[in-house]
Structures are given as structure tokens and as C-alpha cells.
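> Now for the letters of each chain:
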Amino acid sequence: MIRDSWRIIRLGLKSLMLHKLRSTLTTAGILFGVASVIAMLAVGEGAKVEALERFKDMGVTNLIARSKKPAETASSSSQSAWKALAYGLSYAEADLIEASLPTAQVVRIREAKRPMMRGENFHTSIVVGTEPEFLEVANMRVREGRFLTDVDDQRLDNVCVLGGTLARLLFPLDNPADQTVLVSGNDRYRVIGVLAEQGRTAGAGSTPYDECMFIPLKTHRRRFGDVNTTRSGGSFSRERVELYEVKVKLPSSEDVPSGARILRDLLDKQHKENSDVIVTVPLELLKQEEESKRMFNIVLAVIASISLLVGGIGIMNVMLATVTERTREIGIRRALGAKKKHIVQQFLVEAGVLSALGGLVGVGLGIVLPYMITVWFEQKTIIMPQHVMLAFGISAMVGVVFGLYPAWRAANMDPVDALRHE
Amino acid sequence: MGDDRDIIAEFVDVHRHYRMGDNTVRALNGVSMQVKKGDYLTIMGRSGSGKSTMLNLLGCLDRPTSGEYRIGGRDVSKLDDDALSSVRGREIGFIFQSFNLIPQLSVLENLEVPLFYQGRVGPESRRKAEYLAERVGLGQRLDHKPLELSGGQQQRVAIARALMNDPLFLLADEATGNLDSNTEKEILDLFDDLRPDGVTIVMVTHNPAVAERADRTLWLKDGEVDRLVENERAATAATEADA
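If you're matching them up, the sequences are chains A and B in order.
Just so we're aligned: 338 in numbering that gives the first Met the number 0 is position 339 of the first sequence, and the numbers increase by one with no gaps anywhere.
Just so we're aligned: 228 in numbering that gives the first Met the number 0 is position 229 of the second sequence, and the numbers increase by one with no gaps anywhere.
Warning: the hint list may mix true and false statements.
Covered by chain B, according to a simulated footprint, are these stretches of chain A (three or more residues, beta-carbon under 8 Å) [what the hints assert, rightly or not]:
| no. | segment |
| --- | --- |
| 1 | 13 to 21 |
| 2 | 332 to 338 |
Derived DSS-like pairs (lysine-lysine); straight-line CA-CA distance at most 25 Å [claimed, not checked]:
| no. | chain 1 | residue 1 | chain 2 | residue 2 |
| --- | --- | --- | --- | --- |
| 3 | B | Lys127 | A | Lys13 |
| 4 | A | Lys13 | A | Lys379 |
| 5 | A | Lys286 | A | Lys47 |
| 6 | A | Lys19 | B | Lys144 |
| 7 | A | Lys379 | A | Lys47 |
| 8 | B | Lys36 | A | Lys340 |
| 9 | A | Lys217 | A | Lys286 |
| 10 | B | Lys127 | A | Lys338 |
| 11 | B | Lys220 | A | Lys339 |
| 12 | A | Lys13 | B | Lys77 |
| 13 | A | Lys338 | B | Lys184 |
Hints in this document: simulated from the structure, not taken from any laboratory.
From a predicted model like this one, the values you see are computed outputs, not experimental measurements.
Cβ atoms here follow ideal geometry from the backbone N, Cα and C, with glycine treated the same way.
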């Protein structure tokens, strides 16, 4: 049985060798089809995992409300430069959010961009004022020392926790523990802990926490105040912002839709006129992303299928030519006792071998291609073994499906006519 | 005829009519004949006499419109395609004018084709192929491709292939038509040589010199049996045997 199958496959290979160039060209159609299927699935999978990781970092059970400078006044600095522009979230609102969502953890966040110095090392980055719960809600880990506590907050201590990247920049050679960092040239903060690096680049609009310094919320308010003055090109702009961000962590992802509704209702009342607060719901984004990725994947699958279809038509074309050329061989085989099913089998195997060879080389190319996409386009790609198997399986199936009609035609030739064929 | 050898192939009032538009062509019109074990029969006739139709029917490549065709006592005239294929594969050994070897296969593989379709390929079929290749004088060339052989050698391979399945009879269609006269003689000698093994031969030809070497010649005319001639050579051989 196995010997017979092998014999049929070998026969198929021998017959294909009769027309090496033709067989190779036909195979190329399937080859590129399979390679593109694998590459596209790898790109799709990579993008999916990347998106998943990004939203996981933001926290799938989190709601994020962030203050935003209103658009209409953002560019016009002509009006009274000394009157501070007030916008964004307030402490009172944060308390209200906390009261409306009793099961949630609410974290208040203030930000200020300041130069930081330690010895000769200098870096301008964001000083984040926040509460102890930040660590859990933002899904970060302490690498060394400890994070901020309520006691630090109450005592208005000048202590700080450094983001992993910032710690490396300011303390390239020594241990930062209990050392002092100078902020804005005169504020001294004692380092009590260092966070583990998240490693991933944060998405647009979110703060790169790896490069931030974290201090107690009350200390932040005391040191930097609510009014922020920035100087750009000789003109001042003054902004009054109480809180830059409020993160809300809900107990589970089922609470996200209702929590998001409550939060939006609440903030809409306060900030309807000038939409100066943006609510981000990572779970919603994740779902949107998944939906659009799904559409994207469908489009990719359709394109890949078309290329395989074209390859299949090529195979059918070549098999029809082969059957015509070898009419006489078919007649001989029939005379020597071959039943119709034997003839069908022979040509189906030949078509299958043709496309499986293309599939095999296509798998090779399909594995190399995503690697090159990653190197050249910096797009994460993931090759799943089941995708490779799927692509190869489809290629073999294409051969069989498109070989069916030529094989059927071969089998149904009249043996007498076939033998007489020149 | 009066001898009691087994009848291995028999036509009983066989008709084969084709429809060509509104006309009916009566290619065979009530042919009855018998082939007995060990026979060497040639079928002759002008073109259009029904030779080819007769060959197709004898070879189970075609079915009669009416009448019976018995092979080994079994009526095969109404069998379906698969069953006819089996009969061809088991009972008949085809030899063609243009050898009809499969070009991409080696001599050995060509020899194994008939047994392959009966699922009988294995060490035994290889031994048999080697034996028959030896028997037809081609022992050393099992790994060659057909096109590397001369016409005579190719026809020897074809004869060996026809014998692979131990058929009831060999059915030859102008077996020497593509060969020069020397090679023709060699092939006809080979047929003579095979006969003591109990091989039965039916050959369709239009060459009287070829027909002469058979025991009997069946003459066809307009789709009917014109006459059945006992050849001289055969007659003398028979007398010698009696004496």
C-alpha cells in the first residue's frame, strides 16, 4: 500500500520532470501564494499581539480620564498672557468619581516637566505626582526599594521613585538608593525606590513612565502648584490645571462598560462646553482594534486566497495540457488494465505533487519573509505553526481541486481513441 | 476442426454498428469465430473490412452492439468499464504496432505496469520481469529508458510486458509494422519461440508474409468472415507431429 503510494508519487515526479521549466513555473504560482499567506498571517498575528500588549499595559479593567488643553485657545496666545487658562480635572471631580464608583481604585496624577540633575548627569523629564495605588493601577513593578506610601504623602516628604530608564540615565554607574536628585536646580529629592522598566514604547498621548520620576501627590502640589508657566519664544503662557490624569481601576472587565458610562456622564456635566477632558477606555480600544484587525485579516486572507486561486488555475492549465499530450499514455495504461480510478489517481497525484512542491518551497519563503518584514519595516511578526500547516494544506488541496477536472477528463477518454492519438 | 483443446476466446454472431449521423455503419456484421489454446491466428482483410473493430472488440476496448464475446467461457460483451479493465489487465496481452512503451519509465517499470494495476507489484514481479526480459533477449537492459533502445528491442520489451500477467492470449496489432524486414523476422521468430510455452497469439495484420507464419488466417470482408485458411507451414508442422 505504502509502496504503491510511493510508486504513484514517484511516477508523478518523473512525469513532471518531462517538462522541468513548465513545472517550475507552475509551481511558482503556488509558491508565492503560500508564502504570502504565511507572511500575511504572521504580520496579522504580530500586530494583534502588539496591540494586546499595548492595551494590557494600559490595563484592560482601567478607565483613564486625562486633561487636555482646549483646542480653540491652544494656538492663540495673544490674549492676556498673565491670566491663567484653567482647564482639566479637579480634585473635587476626582473625589466625586471615587464616590460614584465605590468598588474602584482611583488614582490622581499630576505631571510637570522639569530638568533633573544628579552630579554631572542631566535629563529633562516629567515629574509625576501620584498616590500609592498608582503602582497597581498602572501595572508597574518595583525593582528596588519601595514605592510611595500614604505616610510620604501626609508628611509632604521630598522622596522620589525613579522610572527604570531614568534611573539608568541619572545613575549610570552607581546604585541610586538614598541618593539625591536635584529638580529645577533647587529641589532635592531622596530616591527611595526604582521601578522595573516596562520596556515597551508607550502609545501616542500616554506618558512614558519609564522615564518619569514619581513623588507624593501632595508634595507635587506644594512644590509645583496648580499654575504652570511655560515660556516659548519670548511669550508666556500660564495654565491652571489641578489634575492631569485620573486612572480608575475596576474590579473586573465586566464592570468596564457600566463604569465607563458613569464616568462619562459625570465628566460630561462638567466639561461639556470645552471638551478639555478625554476619557480613554483601553478595553473599548482593544475591542475596536480587534474588530479592525479582524477586517484587516479578512482582506489579507482574501488577497492570499486570490493568489492561491491564480496558482490553482495555472495548475489546471498545465494539467489539461499534460493530459492532452499524454493521451496515448492514458490509452496504453487503459489497455494494460488501468481502471478509470487509476487514471484519476495518477493525474490527481501529479497535480498534488506539483502544488505540494510549490507549497513546500512557499513555506520556506513564507518563514523567511516575515523575518525580513520585521527587519525592514519594524513590524512585529509571529509565525504560528498552525498557520504554516494551514497554508501548506491549502496548497496541496488547491492541487487536488484544480487537478480534478483534468484528471476526470483523462479518465473518461475512450481507450480506443486514446490509443489512436498521435 | 475436431480437436478438443480449450476454447479461450469466442465470438458468437457479433455485430458492431456505429451511428454516423443518419447512417448506420455496420463495421462487423455477424462474426463468429473461436480461438483455442495454443492457437496462432492472424486476422486479415482490406482496410474497411472490420479488422480494427475486431481488434478493439477482441481487446475488450469496445463492446459489441449485439452478440456474445466469451473469454475463458465468460461472456464479457455486457460488462461495465471497470470490469472490462480487469479483463484486459488479467486475460489479454497487448502488443502494438508502435510499441507503446511509457517513455518516462525504465524497461523494468514498463514491465511492471500491468501488474501494478492489479496490486501485484513487489519482489516477485521484479523477478518475473527479469525472467521475461531474459526470455525475449533483453536481460541487460532493465534500467534503460525505452527511447534508448532500438525498435526491435522496444518491441521485445512490449512482448515481455504483454506476458507479465500470464494472459489467455496475446493480441498483436501489426506487431512488425514499424520494423525493417530483418527485425520483423526476429520478432516473428520470437513468437514461434514462445509457442512451446503454451502462448496463444492473435495478430491483426495486412502483411501476407506475416500472416503466412501463423497456423490459420481469418479473412474479413465487409464486416463478415470471408474465409478461414489453414496455412501450409502449419499443415506441414501438424503432419510432422503426427508422423
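> Next step is simple, just say for each hint if it's right about the structure.
Hint check:
1. Check result for the segment 13 to 21 of chain A against chain B: holds, 4 residues qualifying (beta carbon to beta carbon below 8 Å, three or more required).
2. Judged by the Cβ-Cβ criterion of 8 Å, the segment 332 to 338 of chain A is covered by chain B as claimed, because 7 of its residues qualify and three suffice.
3. Pair hint Lys127 of chain B plus Lys13 of chain A holds up; C-alpha atoms about 24 Å apart against a cutoff of 25 Å.
4. Between Lys13 of chain A and Lys379 of chain A, the direct Cα distance comes to roughly 42 Å. Violation of the 25 Å bound is thereby established for this hinted pair.
5. Restraint check for Lys286 of chain A and Lys47 of chain A: satisfied, since their Cα atoms lie roughly 11 Å apart, inside the 25 Å limit.
6. A hinted pair counts as satisfied when its Cα atoms are at most 25 Å apart, and Lys19 of chain A with Lys144 of chain B qualifies at roughly 18 Å.
7. For the given pair, Lys379 of chain A sits about 9 Å from Lys47 of chain A by alpha-carbon distance, which is consistent with the 25 Å threshold.
8. Of the supplied pair hints, the one linking Lys36 of chain B and Lys340 of chain A is violated, its CA atoms being roughly 32 Å apart against a limit of 25 Å.
9. Taking the CA atoms of Lys217 of chain A and Lys286 of chain A, the gap is about 36 Å. The hint is violated against a cut of 25 Å.
10. Under the criterion of a C-alpha separation no larger than 25 Å, the hint pairing Lys127 of chain B with Lys338 of chain A is consistent with the structure, at around 23 Å.
11. The hinted pair formed by Lys220 of chain B and Lys339 of chain A fails the criterion: a straight-line CA distance of about 34 Å is larger than 25 Å.
12. Only pairs whose Cα atoms come within 25 Å are accepted, and Lys13 of chain A paired with Lys77 of chain B is rejected, the gap being roughly 37 Å.
13. Our distance criterion of 25 Å between C-alpha atoms is broken by Lys338 of chain A and Lys184 of chain B, whose separation comes to about 35 Å.
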